[in-house]
Every structure is written in C-alpha cells, then in structure tokens.
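Protein chains: 2
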Amino acid sequence: MAKNLTKRSEDYSKWYNELVINADLAESSGVRGCMVIKPYGFSIWEKMQAELDRMFKETGHQNAYFPLFIPKSYFSKEASHVDGFAKECAIVTHYRLREDGKGGVEVDPDAKLEEELIVRPTSETIIWDTYRKWIQSYRDLPLLINQWANVVRWEMRTRLFLRTTEFLWQEGHTAHATKQEAIEETEQMVNIYAEFVENYMAVPVIKGLKTESERFAGAIETYCIEALMQDGKALQAGTSHFLGQNFAKAFDVKFTAKDGKQDYVWATSWGVSTRLMGALIMTHSDDKGLVLPPKLAPDQVVIVPIYRNDEQFDLVSEVAKEVMKELRSKGIRVKFDNRDTYKPGWKFNEYELKGVPVRLAIGPRDVENGTLELARRDTLTKESISRDNVASIVVDLMDEIQKNLYNKAASFRTEKTTEVSTYDEFKEVLNTKGGFILAHWDGTAETEEQIKNETKATIRCIPLDAKEEIGICMVTGKPSNKKVLFAKAY
Amino acid sequence: MAKNLTKRSEDYSKWYNELVINADLAESSGVRGCMVIKPYGFSIWEKMQAELDRMFKETGHQNAYFPLFIPKSYFSKEASHVDGFAKECAIVTHYRLREDGKGGVEVDPDAKLEEELIVRPTSETIIWDTYRKWIQSYRDLPLLINQWANVVRWEMRTRLFLRTTEFLWQEGHTAHATKQEAIEETEQMVNIYAEFVENYMAVPVIKGLKTESERFAGAIETYCIEALMQDGKALQAGTSHFLGQNFAKAFDVKFTAKDGKQDYVWATSWGVSTRLMGALIMTHSDDKGLVLPPKLAPDQVVIVPIYRNDEQFDLVSEVAKEVMKELRSKGIRVKFDNRDTYKPGWKFNEYELKGVPVRLAIGPRDVENGTLELARRDTLTKESISRDNVASIVVDLMDEIQKNLYNKAASFRTEKTTEVSTYDEFKEVLNTKGGFILAHWDGTAETEEQIKNETKATIRCIPLDAKEEIGICMVTGKPSNKKVLFAKAY
Numbered sequence: 000m001a002k003n004l005t006k007r008s009e010d011y012s013k014w015y016n017e018l019v020i021n022a023d024l025a026e027s028s029g030v031r032g033c034m035v036i037k038p039y040g041f042s043i044w045e046k047m048q049a050e051l052d053r054m055f056k057e058t059g060h061q062n063a064y065f066p067l068f069i070p071k072s073y074f075s076k077e078a079s080h081v082d083g084f085a086k087e088c089a090i091v092t093h094y095r096l097r098e099d100g101k102g103g104v105e106v107d108p109d110a111k112l113e114e115e116l117i118v119r120p121t122s123e124t125i126i127w128d129t130y131r132k133w134i135q136s137y138r139d140l141p142l143l144i145n146q147w148a149n150v151v152r153w154e155m156r157t158r159l160f161l162r163t164t165e166f167l168w169q170e171g172h173t174a175h176a177t178k179q180e181a182i183e184e185t186e187q188m189v190n191i192y193a194e195f196v197e198n199y200m201a202v203p204v205i206k207g208l209k210t211e212s213e214r215f216a217g218a219i220e221t222y223c224i225e226a227l228m229q230d231g232k233a234l235q236a237g238t239s240h241f242l243g244q245n246f247a248k249a250f251d252v253k254f255t256a257k258d259g260k261q262d263y264v265w266a267t268s269w270g271v272s273t274r275l276m277g278a279l280i281m282t283h284s285d286d287k288g289l290v291l292p293p294k295l296a297p298d299q300v301v302i303v304p305i306y307r308n309d310e311q312f313d314l315v316s317e318v319a320k321e322v323m324k325e326l327r328s329k330g331i332r333v334k335f336d337n338r339d340t341y342k343p344g345w346k347f348n349e350y351e352l353k354g355v356p357v358r359l360a361i362g363p364r365d366v367e368n369g370t371l372e373l374a375r376r377d378t379l380t381k382e383s384i385s386r387d388n389v390a391s392i393v394v395d396l397m398d399e400i401q402k403n404l405y406n407k408a409a410s411f412r413t414e415k416t417t418e419v420s421t422y423d424e425f426k427e428v429l430n431t432k433g434g435f436i437l438a439h440w441d442g443t444a445e446t447e448e449q450i451k452n453e454t455k456a457t458i459r460c461i462p463l464d465a466k467e468e469i470g471i472c473m474v475t476g477k478p479s480n481k482k483v484l485f486a487k488a489y
Numbered sequence: 000m001a002k003n004l005t006k007r008s009e010d011y012s013k014w015y016n017e018l019v020i021n022a023d024l025a026e027s028s029g030v031r032g033c034m035v036i037k038p039y040g041f042s043i044w045e046k047m048q049a050e051l052d053r054m055f056k057e058t059g060h061q062n063a064y065f066p067l068f069i070p071k072s073y074f075s076k077e078a079s080h081v082d083g084f085a086k087e088c089a090i091v092t093h094y095r096l097r098e099d100g101k102g103g104v105e106v107d108p109d110a111k112l113e114e115e116l117i118v119r120p121t122s123e124t125i126i127w128d129t130y131r132k133w134i135q136s137y138r139d140l141p142l143l144i145n146q147w148a149n150v151v152r153w154e155m156r157t158r159l160f161l162r163t164t165e166f167l168w169q170e171g172h173t174a175h176a177t178k179q180e181a182i183e184e185t186e187q188m189v190n191i192y193a194e195f196v197e198n199y200m201a202v203p204v205i206k207g208l209k210t211e212s213e214r215f216a217g218a219i220e221t222y223c224i225e226a227l228m229q230d231g232k233a234l235q236a237g238t239s240h241f242l243g244q245n246f247a248k249a250f251d252v253k254f255t256a257k258d259g260k261q262d263y264v265w266a267t268s269w270g271v272s273t274r275l276m277g278a279l280i281m282t283h284s285d286d287k288g289l290v291l292p293p294k295l296a297p298d299q300v301v302i303v304p305i306y307r308n309d310e311q312f313d314l315v316s317e318v319a320k321e322v323m324k325e326l327r328s329k330g331i332r333v334k335f336d337n338r339d340t341y342k343p344g345w346k347f348n349e350y351e352l353k354g355v356p357v358r359l360a361i362g363p364r365d366v367e368n369g370t371l372e373l374a375r376r377d378t379l380t381k382e383s384i385s386r387d388n389v390a391s392i393v394v395d396l397m398d399e400i401q402k403n404l405y406n407k408a409a410s411f412r413t414e415k416t417t418e419v420s421t422y423d424e425f426k427e428v429l430n431t432k433g434g435f436i437l438a439h440w441d442g443t444a445e446t447e448e449q450i451k452n453e454t455k456a457t458i459r460c461i462p463l464d465a466k467e468e469i470g471i472c473m474v475t476g477k478p479s480n481k482k483v484l485f486a487k488a489y
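Protein sequences, first through last, are from chains A and B.
Under numbering that gives the first Met the number 0, the first residue of the first sequence is numbered 0, with each subsequent residue one higher.
Under numbering that gives the first Met the number 0, the first residue of the second sequence is numbered 0, with each subsequent residue one higher.
Treat the hints with care, as some may be off.
[To be verified] Covered by chain B, per the in silico footprint, the following chain A stretches (three or more residues, Cβ under 8 angstroms):
# : segment
1 : 59-70
2 : 114-120
3 : 251-261
Treat the hints as calculated values from the structure; they're not laboratory data.
Virtual Cβ for every residue (Gly too), placed ideally from N, Cα, C.
Given only the sequences and the hints, what does the whole structure look like? Please build it.
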C-alpha cells in the first residue's frame, strides 16, 4: 500500500499529478477537463474559503449569488471582454431531451433556445446588468459584493487544480462613486490576497501590475500576485482589476451624485480560485508527498497508536485520548487514528503523503516512560518528547512550522531570482537556473511578444516595489526606468 | 420610501413576490427562470448552510465537489432516473463562439461536442460513476459525502426561491455495506432536516414517506418533511432517499466484504435547497414584511438613534455604542444604523420589512432617563426598558422570540389540520379551510391520481407517526390501516 511517488527531480509534472491523486486531493472525472475535488482536497479548500471569506467580510463585502447562465448577447456589450472570454466557453442551446427509441436519450430539436446561454466564464456581464437596477444614487454606493461560484472555461489542455474546464472560485464585483475609491479597492484586494497567500498558505508572492497584453479582458489595470514553484516556474495566484467605467458604460449603470450630477459608476473585480490549491501543493511538497502549513491543514496532528495486542491497544489508547483532549482544548485540530485495519507503518506513510504537520506515535514503552514520539512533516525529523509538555510543544510547533515553510519558500525564491542586463544572460539563466528574472524592458507589446516567442518567458508583472532606475531594454536598447519580472509560467 | 406590501388576505402570491423583492432577498434576473440572490437574502442562506454543514459534519459526513456537467449517456443508465430528470434540463452542445460579422457573436458550428453534456439537475449519476473508482472493499465503506452546489432544472413556471431554473442546494450521497445501514442513514438525515427546520427555522414539520408516485426518480423509498404555509398550502422542505442498489447496479459499484464475498453497494441521497428560504418567508412573515427567527437573522438587533442635531446625535451614539458592545459580548448580532441619509421612521419601516427580531431606539430623553425603547418584530409590541437590563432582556428575548415563532406556526398548523372520513367532507375542507387533511386511502396509485385530478390535492406523505387503525378509503371504500396526509402544495 505504500504509494511511492515519482521524484520531483525525475519528472516534476508526473510527481505533481501522482501527488494530487494519491494524497486524495482531486482526480479527473468522466467529463473532459472537469475534476472531482475529493473530500481531503476539499477540506483544505474549505479552510482557504473560510479565511478569505472572513477577510472579505471584515473589509465590508457581502456575499450574493448571480445566475450560472449568461445570455449570449451580454458578452457582445463590452468589446474587449467578448474577445477574451466568449471564445472558449460552454454553450447551452437546448432545454430538453427525448427518448431516442434505442433505449437512450437524444436532444429534442423542438426545444432549441431562442438565444443561447453561456455557462459563466466570469460574471462581469450578468452582474453589471443587475447593478443597473440596484444603483441609482450615491447612497447605493459603494456596492461591495462577492460571489463564491463555479465557472467554466473551455480549456484544451487541462491539469488538476491548475487549469480545468470547470473550477471553483470567488469573484468580487464592486461599484464606486469615484475613480480614486475604485483604485483603492483594487489595491486593497490585491493586498488581502497577498496577506492570505503569505500568512495562511506560507507562499511568498510578488505584487505587481500586469502589462497591457496580460490584462484581464475589459480592465484598465490588472494587479496580480505571482508565486514561484519548486520547478522554477511562476504561478499567478490572484488578480484584482480596476475596470474603470467600461462595464458601467456597456450596461448603462449611472448614479446621481450628492450634487445632483449623473455619472457612470467605477468598477473593480477580483478573484482567486482552486488554482491556489496547485500553488500550495507545488510550493511546499516533497518526494514523500504533500506538506501542509498548519493554518490550512485539516488535521494538524495525527496520533498513531503502536501495539501488539488488545491490552497494549487499550493502554496506549487511553493516553492517546488524553493527549487528544488536551490538544483540542488548545484549539489544535487532532485526529486519533485507531483503525485496526491498517498497520502503523502504513499510517506513517499515509500521513506523510497527506502532509499532516505533526505525527505523534505512542507505544507501550512510551506509556511507561511518560514519552511520545513526535515527527515533523516539514523537516522529517523525529524526537522523543515528554508527555507532560506535549501541549506547549505542539502549540509552539504550529507557529514554527508555519514560519519555517514560509522562510524555506522565501529563501528558495531569493535564490531563484536573478537580475540580468543582457538578453543573452536572460536566455542563459532561463535555460539553466530558471526562476524569476528581473530585467529592463522597453515597455512595448512588440518586445514582450518577441521575448515570449523566442524564450517562452512572459512578463509576470511590473512589481509594485520595483526600484526606479535608469536602464535600457535588454532586447532593443531603448530606455527603461525599472526592471520587470519575467518567468516561464503555469 | 415606505414600501407598503399587498396584504396577504388580498393576494397571497403577490404579497410573497413583493416581500421577496422589497426585503432585498432575491429578484428575477435577465436569464429566464434564474434568480439573483441579493446580499441580505444570501446572508440568511449562509446561516442556514453553516448550521446544516455543522450537523452533517457532526454525523461524519465530508464535503467534496463533483462536475457541473454530466455526459448524456450517464442518464440512460438508471431507467427511472432518466424519466424523472433528463427531460427538462439545460444541454451544452457547443464549446466555442465566433464573431458573426455584425458586431456580435454566434455559435461556432465547428465546435460541436461529440456527446452533449447535461447541466446537473442532481448528481447521482456522475457521483456513482466516480464511486466505482473509490470503492473496492468494506474498508472504503461507509462513504459519507455531501456537496454544496448549484443545479439546473428547466422549469416552465418559476417563482423566486420556490421553483427556479437554477437553484442552490446540498446533496448528500452515501454508500454502505448493508441495506440496514443505508436505511438508518436515510432516516438519520430526514431527522436532521426536521431538527434543523424546527429548531433553527422555527417551522414545524411532519416527517413521512412519499407514495410511490411521488418518490424520487430512482429511489426505493423517499422520506420527506412537509411544512404548512400561511395560505394553507403545503411545502416539501427536504427529502432523503433510500436508493437500494439501483445506482450501484447501474454504475457497477461492488465491494468485497470481510468474508471475501462481492456485493453491490447500498445507497442514499438527500437534499435541501434555497427553497427553504421560501418556507421560512411564508411561515412567519406578515403584512409588514419578513419575520425572522433570531437563530437565522443576519442582524438580531438593530439600534436606531433618534436625534434632532449633532449634539443629540453624539449623545445617543455614545450610549448606542456601549449597548452594541455589551450585546456583542453576549454573542448577539447587533447593528447600529447611524446613517444620516435616512430618517428614523424610514429605518423603522426598513427593519420591519427585513424582519430584524428586535429594534432598540435611543433618543435624548432615553439617555436622560436611562431607558431604551424596545420593539419586537414578532409581536409588533413596544416597551420602554431600563438601560441597565438591556443585555439580559435581549438575550432572553432571543429565546422567547424563537419559541414564540415556532409555537405560533405550530398552533396555526394544528388549527389547519383536519381529519375527515368522507370524500365530500374532504372536498369541503379543501375548498373552505384548506391546510393539511388526514384521510384514509386505499394505497393505490389510481385513487391517488383520481383525487389529484378532481381536487388538486396530493398525498404529501404517509406520516411516520400515523396511528395504525382500521378504516376504509374515503374514495373507494377499500380497507386502509392508517390515515395519510393530503394538501394542495407548492
């Protein structure tokens, strides 16, 4: 039953897929490109949702729910939006099946919709069509709404969590009286994403602006957070868009200000998705399986009893239950795996695979000596600890493991971030070391495109904290005033 | 701005629609039959979700997520299931749009799917197709899984919350080694539903079994809970199905028992939906608007300041904030509406419309006298209370209001439940008094159908607590051993 994973160094992509499946996170379904999120994977996603939802509500946002379907014509109302989204989408054309006379069913040609419905790839259009009814005056603003939902984008090449035809996400859609307020909201949300990803997922990110060609379809400005995976590829972990008045104009959403003047409303939208699961997995995990930061681990501690007979089982169980109770009273999520159907060795492998931060083993000798064996998932170290100190040790360890994972990922990123001056150097680093590369760029879409075509690297973002400096574009030699962040990306 | 609702006695159906819209619960969208759940309505649904989710987890269930789309062929695998569901459904036939050359977009005929995908009306088929991979041995059982999801059933006549093309729900899908265990699970879940609806929604329900013709498509037995609305019509509030081995056989899901023998797995499924919002609204609300039980009210208490100038505002605000702090420390959800853009009278109407259980008003005289004005939404009574006792009074009131709403609804139901002996009496009660009618029935689908055609009343359920007694069917005179529950229903 020991499920040995392919090593990362052998085949990173294969390692990832095996880990996702064997750690019971997700699997492919019978529907092309759609995944099943398994209970263990879903329980991690639920923890993410709970924290994000709390952060959204603390900043004044409310949840609501908008329809899954969007009439086709809505997409045509915002020109760049339709270009970006309406192309690859699931289209509902009929509303009834009938018996096919061969024991199966077929589409009833008489039940054709007058206007086709698109399964939402994102909800700006249906939401702004609704906001027209909700917004009349400045009193109705700001409107700060979030939705947790499933969305569908017809992807040709899919990978579990990273790119699937259907995925789960949240999408915030806000409306404001002023441009300034909308920009502040956009920035607030990218900061909240960064805070969540760094403090809960223990994944360091770089905040920045997307270049025009990488912007959300319909946005004036797209803010993003970019993380670095262990294979040296970047992963966009969240985006926050300043939409200007584009959608308000497309859907005729105006408001009357205090002074009686009418103006179009200013908009933002922002989202993170189950893709974050991919970032979490690829940042921390190792060849033995998943490694979870304590703040998001469904079980933070697992207790495994070691015994040879019923008498020993009763003896160690008694202590295990006391320890469990003590840890729970400190707010630790702890599981006592007393299943008789599996051996301790199998359980050790299983919880390593599933990334449980701390494992406690208790055998008859431990009971005698007043000890426990504690194993850390992040460092794979083991030590014997005193039964009396278990609660304080474990509580401290939760913090320590959380920090250790972040620091490890941050060190890795520092090591894998290179500043270059020339295009040759750029290509060399990209092909040998990989990772993030900071380089001067002339600010044109042409040069960006050329670099992408020649190297497969893209501009991940223009970092918000980029130093102003005098420089020249590594490709064209044209002037540039700051280095931008390049990488190959998921 | 005072939104006067149509009176229930004038037009119950119009009253309901106006209330749902004006209390900011939901509204129709631009997509036929699909609703937008507005933030206030959604926050009530979130409270319901949280309690139900806790109850499911406490009984060992885990959440997971399965695809939105189901390949058409899956439906044909369980014969009665396809009859029940595949007829009215949204069908995805294409996966790409293209420009139509007239500034819009059209379906790309080259992007036709080989096999059409059905937007899930319920997920038994896709889930049991997955369970085949998850279940091999008795060690994998029981499998206790729930999913929170959106589903689509193409409805021709829709009403907000009660019947919409898309709705939100949870669907539990469990797999068991024995028939007995599956039946126990089915019964456990209908009991959990009853407990939730009675204790949190304050809506009394009757638990029972559906007749064969009203059973879920594919079920051996359907348990349900039935509630009575103020217009004397019944509303099915939740169902729990014992599916036997039907889906296991259709999707070939077998397990190896401890003794090495192979057998098909036993199944259940159970669900409640945003329809519960309709039941909540129609049970308690009155001509002034929504009435919410404290356990599900997003705001349990609202504080409205009464003032004529800034000085008075500062004075009452100070007390209001202290009261708010004090109530919050007792776990009460309280809101201080200090908006200057609306007058107190407007706010009073608004919170009556939105069903906030308790309103506290504070004016300068109250500050002077150490009093507050307390208004109860359920009884529409007002009294002056001492500032010093506010916390204990409000805490007690939360319980009292919760109980009062339940008792009021239970009394109404008792009053509106009639036992009849003859079919004439049955018709008479149905046409004058309405409500639940208990009558003997011969157990045949023919008689059930005849009654439905002649009176529009259906058998809501065979109550679990029905007394065994010797009787004769009110229509055919054939023997019957218990009375069953009839009503006109939503």
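### Query
Which of the stated hints cannot be reconciled with the structure, identified by number in ascending sequence?
3
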